[in-house]
Structures are given as C-alpha cells and as structure tokens.
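Quick note, the sequences are listed as chains H and S, same order.
Here the UniProt record's numbering is used: the first residue of the first sequence is 1, the next is one more, and so on.
Here the UniProt record's numbering is used: the first residue of the second sequence is 1, the next is one more, and so on.
Derived by calculation from the structure, the hints in this document are not laboratory data.
Note that beta-carbon positions come from the ideal geometry of N, C-alpha and C, so glycine has one too.
One or more of the hints may lead you astray.
As the list claims (entries may be wrong) - Listed next, the stretches of chain H that the computed footprint assigns to chain S, with coverage defined by at least 3 CB atoms under 8 Å from CB atoms of chain S:
{"id": "1", "segment": "99-107"}
{"id": "2", "segment": "249-263"}
{"id": "3", "segment": "273-287"}
As the list claims (entries may be wrong) - Label pairs and their computed distance ranges (CB to CB):
{"id": "4", "chain 1": "H", "residue 1": "K238", "chain 2": "S", "residue 2": "K1014", "range": "36 to 44 Å"}
{"id": "5", "chain 1": "S", "residue 1": "D712", "chain 2": "H", "residue 2": "R162", "range": "35 to 43 Å"}
{"id": "6", "chain 1": "H", "residue 1": "A289", "chain 2": "S", "residue 2": "S1172", "range": "37 to 45 Å"}
{"id": "7", "chain 1": "S", "residue 1": "A694", "chain 2": "H", "residue 2": "R162", "range": "33 to 41 Å"}
{"id": "8", "chain 1": "S", "residue 1": "A1000", "chain 2": "H", "residue 2": "A289", "range": "34 to 42 Å"}
{"id": "9", "chain 1": "S", "residue 1": "P820", "chain 2": "H", "residue 2": "E83", "range": "30 to 38 Å"}
{"id": "10", "chain 1": "S", "residue 1": "Q783", "chain 2": "H", "residue 2": "A129", "range": "46 to 54 Å"}
{"id": "11", "chain 1": "S", "residue 1": "S789", "chain 2": "H", "residue 2": "W164", "range": "34 to 42 Å"}
{"id": "12", "chain 1": "H", "residue 1": "A129", "chain 2": "S", "residue 2": "R709", "range": "31 to 39 Å"}
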Amino acid sequence: MDPYSAEGELVNIHNAFHAGQYDKVVSFDTSAFSSLNKLPAQILKLRAKLALGQFSEVLSEVKGQESIPDLAAVKALAQYSQEPWDSDEAVQAAQALAQKQGDNLTVQLLCGTVLANAGLNEEALALLAKHQGSLDAVALIVQIHLQQNRSDLAAKEAQRARKWAQDSLLVNLAESWVGLREGGEKYQQSFYVFEELAQAPATQAVHSLVGQAVAELHLGRLPEAEAALKQAIALNPKSPDVLANMIALTTILGQDTEELKSKLTEVQPKHQLLADLAAKSEAFEAARAKYSPKFEP
Amino acid sequence: MSSPSMLTKFESKSSRAKGIAFHPKRPWILVSLHSSTIQLWDYRMGTLIDRFEEHDGPVRGIDFHKTQPLFVSGGDDYKIKIWSYQSRRCLFTLNGHLDYVRTVFFHHELPWIVSSSDDQTIRIWNWQNRSLICTMTGHNHYTMCAQFHPKDDLIVSASLDQSVRVWDISGLRKKHSAPTSMTFEDQMARANANQADMFGNTDAVVKFVLEGHDRGVNWVAFHPTLPLIVSAGDDRLVKLWRMSETKAWEVDTCRGHFQNASACLFHPHQDLILSVGEDKTLRVWDLNKRTSVQSFKRENDRFWVIAAHPEINLFAAGHDNGVMVFKLERERPASSVYQNQLFYITKEKHVRSYDFAKNIESPSMLSLKKLGSPWVPPRTLSYNPAERAILVTSPADGGCYELISLPRDATGAVEPTDTKRGSGNSAVFVARNRFAVFTQSNQQIDIKDLTNSTTKTIKPPPGTVDIFFGGTGCLLLITAASVVLYDIQQKKHLAELAVNGVKYVVWSTDGLHAALLSKHNVTIVTKTLEQISTLHETIRIKSATWDDAGVLLYSTLNHVKYTLMNGDNGIVRTLEHTVYLVRVKGRNVYCLDRAAKPKVLQIDPTEYRFKLALVKRNYDEMLNIIKTSSLVGQSIIAYLQKKGYPEIALQFVQDPQTRFELAIECGNLEVAVEMAKQLDRPKLWQRLSTEALAHGNHQVVEMTYQKLRNFDKLSFLYLATGDQEKLKRMAKIAEHRGDMTARFQNALYLGDVQNRIEMFQELDLYPLAYMTAKSHGLEEQCQIILEASGLTEDQISLPTLGHPLSPPKPIVPTFKSNWPVKGTSSSVFERALMGQVEGLEDEAAPATNGYGDEEPEPDADAARNGGLDEAEEDEDVAGWDMGDDVDAEAESDFVNVESADAGAGSSEADMWARNSPVAADHVAAGSFETAMQLLNRQVGAVNFKPLESRFQEIYQASRTFLPANPSMPPLVNYVRRTVSETDSRKVLPIIPRDLESITAGELPAGKAAMVKNKLEESVQTFKKLLHLLLVNAVSSQQEVTDAKKVIKSAAQYALAISIELERRSLVKNSQDISSFSDDIKKRALELSAYFTIPELEPQHKALTLFAAMNFANRNKQHSSALGFANALIDRGSNAKFKESARKVKAACERNPSDATEIDFDTFADFDICAASYTPIYGGSPSTACPYDGTKYHAKYKGTVCRICEVAMVGAPASGLRLVG
C-alpha cells in the first residue's frame, strides 16, 4: 500500500509538511509507524527542520550516516541551504549522489532541490524525471518549470499528475502555483486553494497565508491581501516571505517601505527581492550614466 | 521668343495629321491622317493602341464622344463614319455631303453630330437614328470648320468665303426634343416651324455674320465660358470676336503668324489663346492683352490642327509628320519641406506654408508676381531655416533666381521688399549662409553668400544639367548619364555614380540616404553616393518622399508605391490625379496636387512596415503587425516563402496542406506532424518520414512508418535505434501476419536463433534449420531436426560452417530520445509566437537537455550568428522600436541565471516590455534602459536621478514572492493591472500611484501646502507629482488628457511658488524692503509681480494677486498695486480679499505711480522663464520643457528643466505616452 495514500501512515505528516506546518512535522509522533515508514518520516522531519532553518541541528543528526543515501541527500541539502552562496562542495555532493543513487526518491527530491537552487535546472529535471509516481517530484518539477518561465510545461506536468493523483494536496498546490502565473480566472482558483488551507485551523500556516495574500494581491483585492499578510505576521513576524510580499503590497498602496526593507534585511539579508533591488539600482545607475544632463546654459 | 516651359509629353511619327481628338478620361488621343488612317494612341505610354482604316483618302475631322465608347470621323470620301473603339469597327456611315468633309464634332449632350464640308453646307446628324436632321446653307465657299457651342444652342462656322457665321439652332432642339414636354403652343409652333422648313431654314438660322478676315477662314472656336469666338485664317491673322444677345463684333487681332494660320482655340482654364499655322509655329497669346506669350517653332513641319484636353492641362498639335502632345507649363508646384512645415508656391505665385502636424495651411506670405514672366510658374524653391529665407528659381528669361526673406507672420500676399536676384538655371542653399547657382549656358556654378555676391566659382563636369543639395557643404551635380557628389569646400569630386537622366533628388529625413528620380527609374544611394538599389517603372515617376523608417514612397502618374532599401517594392494605393508627395507620417501621405493645394492621402502602411520589419528582423514589430492587422494574404505568404522565411509564413497559413509544405520547408516537424495527422494521406506521411529521418527524429519516423504500415522499415528503424523491446514486438507482429520473410528478418535482427530454427521447421526447410542449429552449436536441436526428418548425422554432408553471426548489442539507448537538434528553425519570431500561444512541444525539450553541453562549438557559433546579425541590424533601427532592446536584455539575463538553457521561456516581465510603449511598463519589467530611452524620446528626459525612487517603487510593486516547495526559493509572480487578461501579449504590470491617487493625493496636498504658506513643501509635492506622472500608465485616452492637464497645472504651481521662494530668499522674508539696495528692491517687486503670472486656479491666483498687491502697496508701487487690486476685484472670489483690494484701489487711485520702475507690463501677455524668472514677451525667442511645458528663454535650451528636473528644455520630443 502506498504509505502516502489516504489511509497510509505518512499522509498526515506529509500533508503538514507541504502545507508549511513545519513545527507540526517536527513534533509529529512517529513512534507507532511501521519500520518501513520510519525512514521517510525521519526524512520529512529533517526536511521540515531545514525549512525552519535549523541547518546545524540537521547536520549533526545525519552525521556518520552518509552511507544511507537518503541521509546523505539530506546532508547535501543541509550543507547547501546553510551557505547557498558558497556551496560548490554541496552541489558536487548532490551531483555525485544523483549519479550513483539516482533511483532513490529522497535523493531525487533533495538533490534535485540543490541542483535547481544552484541553477542547474536541466540536471535537476533529468534527475527528477526518474521518479516513479511521486507528487513531491512533480511539485518540484512544476516549480522548476515555472522558474524557467515555462508555465506551459508546468501546466502540463500538473495536469498529468492530476490524472493519477486526483485531488491530492500537492496537485492542488502545484496547479495554484501555475495559476498565479497564468492569471485571469486562474487567480481566483488559486486563491481558493490557498484560502482553504490558510483558513482551516488544522492547516493554517504562514506558508498558505502568504499564498492566499499573493493571490488576493494579484486579484487586485488589496485590503484582503493586507489582512492575510497581517495574519501571517501574527504567526511569524520574521518570515521573509511575508515581509517581501508586504513590501510589494505597501508599495502598491503608495506607502513607504523603508522600514519593511530594513526588517527584511535583518531576517534574510540575501533575500531575492533585496538582491534584485540592488541589481536594479546598479542597472539604473548604469542606464542613467548614458545621459549627461546639463544644468547651466 | 523661345518657349522654355513648353513640355512635350509625346510625339508620334506619321504622315500629315489633319485631325486630333482627346479622350475625355483616358490618356488617349485620336489622330486622323492625310493617308486615310485613323490612329488611336496612348500618349502616356507612348503606344499605338489601334488603327482604323476604312476611309478612302485623307481624314480631316475626328472627335470622341464624351461618354459613349464612340468616335466620329469625316473624310475626303464625303463620308462620315461612326466607330466603336470597343468593338474596334465602324458602326455605320452617314452619307450626304457632296464634297470633302472638313470637321466633325459631337454635341455635348444631344445625339448630334455637326459636320462641315467643301460642299458649302453644314449638316447636323442624329447618330442614334442615323439621319440627317438639318442642312445649313449660307456660306458660299468651302466651310472649313463648324462647332457646337459648349452650352448654348449655337453653332459657329468658318469658311473660305472669309466669313465666320454664328447659327442659332434652338429651333432644331425644340423640334427634336421629346414631345411629352411640349405644350400645345409648342406643338403648334413646331408644326408651323415644320411648315416654315419648306421655305427655308428656321431650324437653324444665321444669327451673326462676322466679317473681318481678308482671306478664307480655316478654323473657329467658342470660348468655353465667355461669349467669345476665336478664328484663324489664311490672312495669317488670329481674330478675337465678342458677341452679345443681339450683336457680335471684332475685338482684336493677334498678329504674328507669317503664313496661313490653320487652327486656333481658347485655353480651357487660363486666359490664353493658342494657334498654329503653316509657318511651322505654335503660338500662345494673352487673351486680355492680345500679345504673344510664347511661341514654338518646328524645323520642317507645318502645323494643321490643334486640340485641347477638356480637363487636364494638355494640348495636341498635328503637323506634317505626326502629332505632338504637350503642356504649356510645368504643373509641379515648387516646394520645400523643413521639419513639420511645407513651403510651396501656389498657382497665383503666392508663397504659403503648411503645417503637417496641425494640418493647417497658412495664409499667403509673399507674392512672387514679379518673378520671371507672368505665364511661367517658378520651378524650384529652396528653404533656409536659419535665415528663414527662400530661394526661388524660374525658367523665364533663360533662367533666373530670387533670394527672398520670408516675413515672420503670414499676413497676406505682400510683394517682397528685399530681394536679391540673378540669372541661373538652378539655385539651392548649400549652407546656412551660402547658396549655389548653376548656369547651364556657360556651365558654371557660383557659390554666393546671402548678399548675393559670388564667393567662389566652380566648373562642373561638362554636360551638367542641374544641381541639387548634396548634404552639408556638398552638391549633387547631375549630368545626362551620371551624378557627381561634389565637395564645395575642397572643390573636388567625392564620388560619381552612373545614373541616366536624373531629374530630382529626394533626401531622407535623417540625411543618410537619397533617392535619385529619373523618368522611369528610382535609384537609392547613400550620402556618399553608393548605390543601394534601383528600380524601374514603366509609368513615369513623379515624386518621392521618405518614411521615417527608411522606406521610400514614390508616386507615378497613377500610383503611390513604396520601395525598401533592398529594392522590394509594391503599390500602396492608386491615384486619381497626379500628385507630388512631400511627406509621409504614419498613415498619412501629404502631397501637393497640380493646383498646388496641400492634400492628405490615407494609406495603409502595413505591408511595407511588415516587409521592413522582416528585413530588419524586427520580430516584435512583425508580431505587432500580425496581431493588429488583417495582413494575411496569398501575396504575403508567397513573399515570405520566396524570401526564405517559410517559418514566418507558417504563422499566417490556415490551410493544412500549405502549412504542411511550409513546415517541411522550414523543418518544423512538429507542425508538419500535426498537419499530416489532420490530412492523413500516405504521400504526406512518406514525405514526413523522409524529412524526419534527415532530422534524426526517429520518434516521428517511427510514427510515420506505423501510419504507413511499413513493417520492414520499422523493424530496421528499431534495430538502428537499438529498441529491442519493440523489435520483439515486431517479430510477434510478423508471426501474426504470417509473413515469413519479415519474421526471418526480425529474428535475424534480434539474434533469435531459436525462432529462426522453428520457422525453418515450420516451412519444412529442415536442411536450413539444421544448418542454423548446427552453426550455433545447438546440438540437441540438431538431433531433434534429424529425428524429425528421419535422417542420421552421417547421412548428410555439411559444408564448412562459419562462425555464428549475432547482431551487435546496442550500447546507447538511442531509441529513448531523438537525435539532438538545434532549434534553428525556431526563430526568435517563431518562438515569440509559439511561446505565447502554446509553447514548444515538450517532447523535444527533454531530448535536447541531455545533450546541450555536448553540442559542437561551431554549431553554437552558427546559431549565435543569426543573433549577431540581428543585433547589428538592430542598431540601425535604434530609435525605431523598443522591443528589440528588451529582447536582447531578456536573453542575456537568462543566460546569466540559467546557463544556456534551451528550455526556458521569457518571463512575464519581458512580455510587459514587449507589450507596451509606456515607460512605466518597461520600468516594471525591469528594463530601465529602454524605459529611459522611451522617456528620452517622448519628453526629452535626460536627468533620471530624481526618478530613481519612482523606478524602484514601480519595480518592487510588480513582484510577489510565493513560497512553494520547501527549501526552494519562493516563486516570483508578476502583478498585473490587467487582472482578467490571460493573453500574454496583452498583460501589463500594475503601476502604483495611478492618476486617480495622484489627483486625490499629491495635487490637493500641494495646493493645500501652498495655501498654508508651506511653500517649500508645496513645491516639492508638485515636483514629486510631476515625477509620479512622468512614469505612469492610465487606461484611456481621456485619462491621458486629464493627466496632461494635471502635469501642466502642477508645473505652473511649481513655477509660481519657485518665483515666490526666490523673492523671499532675496528679501529674507521681510515685507518691508526699504532697507535693501535699489537693485534688490526692483527685483523683489518684479518677482512679486511675476508671481501672479502662472496659470493657477482662481482662488490661488487671487492669493498671488493679494500678496503682490500688498507687497506693492507697502512699497509705494501704487500703480502696480492698483493693477493687482483691479484684477482682484475683477476675478477674486474671496470677499475679504475683495474688500482690502477696494481699499487699496481707493488709496492708490489718488497717486497712481510707482516708486520704482519695474519690468512688468500689466497689459502685455507674457510667460515667465522658469530659470531666470524674467518675462518672455510674445515674439521673443523662447523654448519650453517638452514634458511640463514650462517656458524658458532661448539660451536655456539644452539644460534640464528647473521645474520637472528631468527633461531637457527644448529637446525634440514625441510626447508622453501613458496608454498602450
């Protein structure tokens, strides 16, 4: 029986993981799990810790167990996530793992994540293509396609998964991600998915609240977006995702964003938005330099 | 007197021409010859259309019917023939005359023909019932000519009896008009008339007999509108007659012919008489002065007849050796284009200008009545913008020129006061203060300064006929067979190009190219006279003008056509009348017609824009055209295919068959497969399989073979690609089909010995089965076979056995993916299209992925090449379309992020930049450079520093971050303002702080701050507002108008407050300025007065007036204070202000004088310079900020506007775009 299916042992922890309830995953009671599912559960917990930023904890936990490919993959991801800007070693480790243990799902997912993060999208996709009916892999593939701005391919991937996994959470999420790129009516559909997650107490998390807020923002419903973001801030005032989107929203509302930016710099100095803005500021200077205004006649 | 301006358009060679007739509509002329032939010529093409030969002997009379496809002729065989030129035959003959028929003419409305004959009669015929209806007798010698009056019921006739007679034929008309319209009295009258007919001529009665010629009269004609008659006789005279209701008399005589005058007529439109004679001359006379205007002499040919075209300015004269068609004067109006203005000379010889942008014709600026001679129009006009002077040449008096300054304002047709003149054939400005005059007779070019004194003399190459502007400091010298580029400074030839008969030179607006026009050729050259392309037209080329994008539009007699630099050309539209193109802008072609009236023609530039975009590889433009126009047509598809762009043609075609062909041609298998599936024809599958095989796309090959049920090939394909699985299946299929050969083949491919043995056994081929088993060392099997065949081993003799053959095992699973191919056929264009519509089929994507890195280097280079060319070409068009730059950036961006990833698409942000000409959208897309280019072009923006925060704001407002998979970076999504739009070609980014928020926020805030006297804050708010609106987007044209109003108003507020701040800082905020020096005092008072000038809302205006009034009053400027007080009382709405204004008024009226004289004129209308805060009075040179419209003294041109702090004052600008 598929351990992730509706009756399987892993379904709840898995769903919690993908709903972004990482604390819940970490503290999930897995003692009663069958021995077969022990390892996948452990991996999920480790991944949740990684998502929470507890890199060194994870590293120490997997230390000495690199012979298990799953844990080796966890280590690679942990190493990478700890210092993504200085990560050649981790990437190489991931590549090596991918070559040797390419059939292992955990290796596929985690090494795929590392590779995609490192910009090696094609390698990541090739690795992930080996998956055998894993929605995690599908979700990752969808995201990579979206990052490549190929929403057409992403949509196809999600559609294909929909055929065999029907109403699974991950399929819904993946479709929502695509929907936010496609726009139009899809905005609303994506909104429903995030809202359903975000507003049910059992599944509420920053993750889904941000998703809801983003969907509202794209729909042009600014007050609602603001409300959702405030809810998320209440849950975690230091979430970079929340801050980044708050900056966009505040800008649209025509208000000052300096405070938010400095907060974001505090919690995640290398956030995509900040890096992007710095790059654009340079681009602005470079473009500006092409003109030489004269001030005196 | 010579006739410099008579222009021969056509000449024919034949025997003596005795009669001529113009077709009223078509470019045809009928010529009746002394040799009995009637010729029909197309005088425009110069071709003989037809010949009609049924008359016996000379044919003298000929005429076209005005509306029917008929003509009439009369000859020395006494016959009048009616012909149809459609069926090209004589319809019938009217017999009756008893001697030579001299002339025949149709009536302008009735079905009548009038003929004159040597039998001394004039006869009227009805050609509908083919009967003679009237015979007019009276002349007692040959009647040489008889014509209907163009309107009245009159006929005029000329006879060798020396008389001219005017006949009244109203009776005849009554008799033959329809009886229904007749009253009883009329019927009675008609009956009586009929009766009278028996006695004499009451149908046609002689009205006047004009006697004055001393010899026989050869020709006579009515004036088209006036009661005038002209006649020509053997007494060598041309006589002018006038008639009234009751009498007719001789007016005057034109003397000049020295032999018999054979024919004469009135000019249809001008006050001129034309006559021809046996003295071989053609003469033109002034109708009013009866003096000779021009004359033209042929060497050897006596003239016999002359005719005028009823509509256009054309004449024809018949002589001993044929016919000549000519016009009396050039109809090309002299004109010159400078920027947005056209200067031209009207038919009345007035100089006018025309504004292209406003579509306004100025009143006359000058009258050039005195230039040249009265009937000769000026030939060329050269305009000098620096001096606002024109140089006009006229061919009169052997060529002359005049240099005239244009008045500042067009006030009417005044005679120029200060003109410099001289003789010469051509004159053009070559520099701001120099012009060149060319005299053909002594082959000399003089370079003159503006005082008309020669500074330099140049000897042009022999045979030079004309000169043209050749770029600054250069001349183009035209000889019969070549064009020479001549540098005036260095006095040397720079280049020479062999082009025949160049008549005009048209420079492109950027001055980089010129078109050399000759009669039938257009040659495009660079400014260094290198030929780029040339084309030939069979129809005469009349004029040309350049599109801003580098397309030449030219006009022939009947078409407007275009040509690209590469020589591709086509028709843009047809013309009803000849026009002279002067300018193209968008869909408008501006031209002058032959009456020298400016006209605007609408054209559809899509076709040439598209072709241009294709040539320049401007795919965005092409996309745009495809999107927005209904261009698709066979011709475009054929064009694209011919030009080697099948992949682009593919985008247009719906028909599956054509699509398939195109797809094969451009190697687009994907589409080919799709189409083949639709059509499902073996032949197509066949072709597809061949093509796919060439591509190494074995998956498609496999499918086609399956479709074709080509099992053998399929098996071989599987063998070649190492697909064992499928090969096995093929073997099974073969077994199923019972096709032994196929089964054997498959077994061989598979190396399946067992199967082969079994098969041989089944076929009872035991020896072969045995051999196979034996050779593979399958002893057991051998034994079984032997047993089955009832033999033992020693009973058979075996040949020597070789080694068993086994097919090699596949090492690489080739079958898993297609042979990697570069996506060469998917051009940028195609990708753009496909990416938006559907995206490339994913099959191909993973296939390429694995091999991406192994791609051989040279190929990659080749792939880049296309891109490089593109980049180079793009530079040429820089400033034409923004899309490309964006593309380039997008591409480089994505190379940085994802190294050489073929699978990635372009992000939505890139779409924004592509989809929009609005700077804000480019900012949102992150394409700051193109955004700046746009702003620079639209409003002359140069100082972008103040916009930095705005750029950042827009950029960061348009991106959200969606957390997706754990440990992955959030997904960037793009916020749109087009929320419900899903077409990626229409999506546009959200732009924060829209017009609504600004009009509700900054605008009132700025005004409120002003009222609260927080001037610093206020001026900053207004400037901020200007920056916000500069980079913004709105949704409708109405909003654009609103936004522009807000900009204007904010700029005025900012200016007003800046003036006031200046004053305050000058006097350190004190109201009493008596302690300051006089200079400061004066300046402070002035500034206080200027504060009231900018256009503010009434309540704020009142505020400024109030402040100025108080300030003036306090400082004893009673006169100024009075002025402000009056203005306040007039306009103010605030009761308190009015109250104090009345008090001030009362006080000041007692002593209305100013203590200090200041530069402020209450009554004059003026603007305030935003840099110097001094007035700009009307008429003094000024310039303005292209963005906010603030005015400046001319010297501030080129500096950054003090108000918006972004735009360059006086910069050329196309206007801010806020909507796509």
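Hint check results:
no.: 1; hint: 99-107; result: violated (count 0)
no.: 2; hint: 249-263; result: holds (count 5)
no.: 3; hint: 273-287; result: holds (count 9)
no.: 4; hint: H:K238 - S:K1014: 36 to 44 Å; result: holds, 39 Å
no.: 5; hint: S:D712 - H:R162: 35 to 43 Å; result: holds, 41 Å
no.: 6; hint: H:A289 - S:S1172: 37 to 45 Å; result: violated, 29 Å
no.: 7; hint: S:A694 - H:R162: 33 to 41 Å; result: holds, 38 Å
no.: 8; hint: S:A1000 - H:A289: 34 to 42 Å; result: holds, 36 Å
no.: 9; hint: S:P820 - H:E83: 30 to 38 Å; result: holds, 35 Å
no.: 10; hint: S:Q783 - H:A129: 46 to 54 Å; result: holds, 50 Å
no.: 11; hint: S:S789 - H:W164: 34 to 42 Å; result: violated, 56 Å
no.: 12; hint: H:A129 - S:R709: 31 to 39 Å; result: holds, 32 Å
Going through the hint list in order, the structure does not satisfy hints 1, 6 and 11.
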